[in-house]
Every structure is written in structure tokens, then in C-alpha cells.
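If you read the protein sequences in the order shown, they are chains L and V.
Following our numbering, the numbering of the first sequence begins with 1 at its first residue and continues without gaps.
Following our numbering, the numbering of the second sequence begins with 1 at its first residue and continues without gaps.
Hint data in this document are derived by calculation from the structure and do not stem from the laboratory.
We put the beta carbon where it would ideally sit given N, CA and C, even for glycine.
The reader is advised that the hints may include incorrect statements.
[As the list claims (entries may be wrong)] Below, in silico cross-link-like pairs of lysine-lysine (BS3-like), each with a Cα-Cα straight-line distance of 25 Å or less:
1) Lys-149/L <-> Lys-47/V
2) Lys-47/V <-> Lys-134/L
3) Lys-2/L <-> Lys-32/L
4) Lys-134/L <-> Lys-149/L
[Unchecked claim] Restraint-style ranges between C-beta atoms, simulated for each label pair:
5) Leu-115/V <-> Arg-23/L: 28 to 36 Å
6) Asp-43/L <-> Val-99/V: 41 to 49 Å
7) Phe-81/V <-> Val-31/L: 13 to 21 Å
Single-letter residue listing:
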Amino acid sequence: MKDILDGALCLARQITGSREDSRDILQTAMVKTLEQRGAPRPDEAGFKPWFYRVVHNQAIDVLRARRRFVDQAELPEPASEAQEPGRLLGQDERRRLLHQALSRLTAEQREIICLKDFHDFSYADIATILAIGKGNVMVRLHRARQALKRELLALGATVGGDDEL
Amino acid sequence: MNCERIEAMISGYVDGELTQQEAQRVRLHLEDCAACRRLHNELQALKADVAALDWPRDDAALLETLEQDLFARASAGIGWFLLLLGAALLLILGIVEFVTAENTPWHEKLGIALLWLAPLALLASVIRQRLIAYRTDKYRKVKL
Numbered sequence: 001m002k003d004i005l006d007g008a009l010c011l012a013r014q015i016t017g018s019r020e021d022s023r024d025i026l027q028t029a030m031v032k033t034l035e036q037r038g039a040p041r042p043d044e045a046g047f048k049p050w051f052y053r054v055v056h057n058q059a060i061d062v063l064r065a066r067r068r069f070v071d072q073a074e075l076p077e078p079a080s081e082a083q084e085p086g087r088l089l090g091q092d093e094r095r096r097l098l099h100q101a102l103s104r105l106t107a108e109q110r111e112i113i114c115l116k117d118f119h120d121f122s123y124a125d126i127a128t129i130l131a132i133g134k135g136n137v138m139v140r141l142h143r144a145r146q147a148l149k150r151e152l153l154a155l156g157a158t159v160g161g162d163d164e165l
Numbered sequence: 001m002n003c004e005r006i007e008a009m010i011s012g013y014v015d016g017e018l019t020q021q022e023a024q025r026v027r028l029h030l031e032d033c034a035a036c037r038r039l040h041n042e043l044q045a046l047k048a049d050v051a052a053l054d055w056p057r058d059d060a061a062l063l064e065t066l067e068q069d070l071f072a073r074a075s076a077g078i079g080w081f082l083l084l085l086g087a088a089l090l091l092i093l094g095i096v097e098f099v100t101a102e103n104t105p106w107h108e109k110l111g112i113a114l115l116w117l118a119p120l121a122l123l124a125s126v127i128r129q130r131l132i133a134y135r136t137d138k139y140r141k142v143k144l
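Chain L with its partners taken away, still in its complex shape (with noise of 0.2 Å):
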């Protein structure tokens, strides 16, 4: 139960980019399953998906109300100006600059890159948990993924891969 809150608690993170309104989701999140009546079991299989929905639109709701749809994620450093492109960088540098990267996108395409390749959900459960189509997943975190691609680029940084299969 612990890693569900935990990873929620970080979606809810990734998603406003706040400290302070991801704790007030997940507050408010629990209170709304204790409160659902045929809400699935923590035990159950289907609980995360069901319980990171809640998450979901908690945080977007919060991210109405405040009028932030492109809203600055905190990052860990704040950044500096765009390097040199093709520069090679160092793991650390390369890092500052992704989270920097997804600090640009907008909330929707941060948070389907978030639940695909951090949270490692199926496109089924990111579908149930965005309320979307499956098929749409598959082109929402494609189009999300090439947004991520242009920022990176943008700021300087590389996107790896050689030509090779």
C-alpha cells in the first residue's frame, strides 16, 4: 500500500509540480476512496489504476482552479542557458536538463510520459486512468514523447540513439 501512496503521491508531483498540492491531493484522494462506495479493495489488482484515476483528476482539478495549465515542475536545480548542441554531457547534466525538458511540456503530456516510462503502467491501465481510449494512448504519448524530444533539443541536449536496431 505504502508504494501505491507513494507512487501517487508522485504522479500528483509530476503532474502540478508542487510540493504542497500533491500532499493536498493525496489527502484528499484517500478521503474520496474511503468515502466511494464500490471503490476496489487495496488488495485488489484493480486498486492502483482505480486509485491513481482519483489522483488524476484531483490534480487536474487543482490545476483549474489555479489556471496553470502550463505550469513550471520544480526542478532540482534551476536551469541554465541551452548548451552547446551536440555537446556531449555528463549523467548529471543530462539529467537537470530532461527534468527541465518535462518541466516544459504541459501537465497532460508530462504526466502520460510519467505513467508510461517512470510509473510503468500498460497502455490499458493508463487508459482506464486518463479515461481515454486505448488506441489514443499509444498517440497521445507518441506525440508527448516527440514534444519531449523537440524541448531537449531545444535546450541543446541530444537525443541518443545510433542508427542501428
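Put chain V on the given structure of chain L with help from the hints.
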């Protein structure tokens, strides 16, 4: 298959979410198309980079509290359920014994029944009023 049609499927391929047939089509296309192969490798690298990112996780105390709260509420719910179940069983048994008692005259039974029914009716009335007041209270979500 042209690149435009296959592009979004490359993400599905990287995630292992395509059917066997779709994956085979993408694989064959990637073998022939250098641009899509580059895109595939870029998406794969991006995926690995995002998976390896560190996100701040400094809310261990909050999680501990929430988890304890969850179990406390769950056990409180079970406790209330058992208490009400026991009370209901005792009440039913009492009523059955009272009604079937042969050595109590009917007028005594009637008097005792009325004495019990009167406070129960008053209790039901108070509960009803409280429920109506709760539902129509505009400020119930305001925390003081």
C-alpha cells in the same frame, strides 16, 4: 507501409504494446527505413532516461500517517459493523422472547412495548432532522 502511418506505432513497439502482427510490420519497416530506425532509437533512449530519473521523495512521514489513517478507518468500520450486528441480534432475540413469553399478560406486554417504541420513535425523528440539516448545510465543508 509508409513512415507517416508507422510513426505512432513506433512508440507502441518501444513499449511492447503492439500485437505480434503489428510488431512484425514495424520491425520489417525499421529494417528498411533509416529515418524511422533513428526515431525508434531516440524514443527508446528517451524512455530509458525518463525511467531512470530521480523525483524528489521526501514525504515518508506523510505516507506513514496516511497509511495508518487508512487502516485505522478500516478497522473502525469493521468495529462499528460488528457492534451494530451484535446489537441487532440481541434486539431481535429480546423481541422474540418478549412476544412469546407465556406468563406475561397481554396488557403488560402492550405497556412495555409502548415504553420502548416511544423513545425509538423520538430517536428516529432526531436522526431524520440531523440528516436533513447535514444535507442542506452549505458550510459543512468549511474547516474551522
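Next item on the list: Check each numbered hint against the structure and report the violated ones by number, ascending.
Entry: Hint check: 5 fails alone, others pass.
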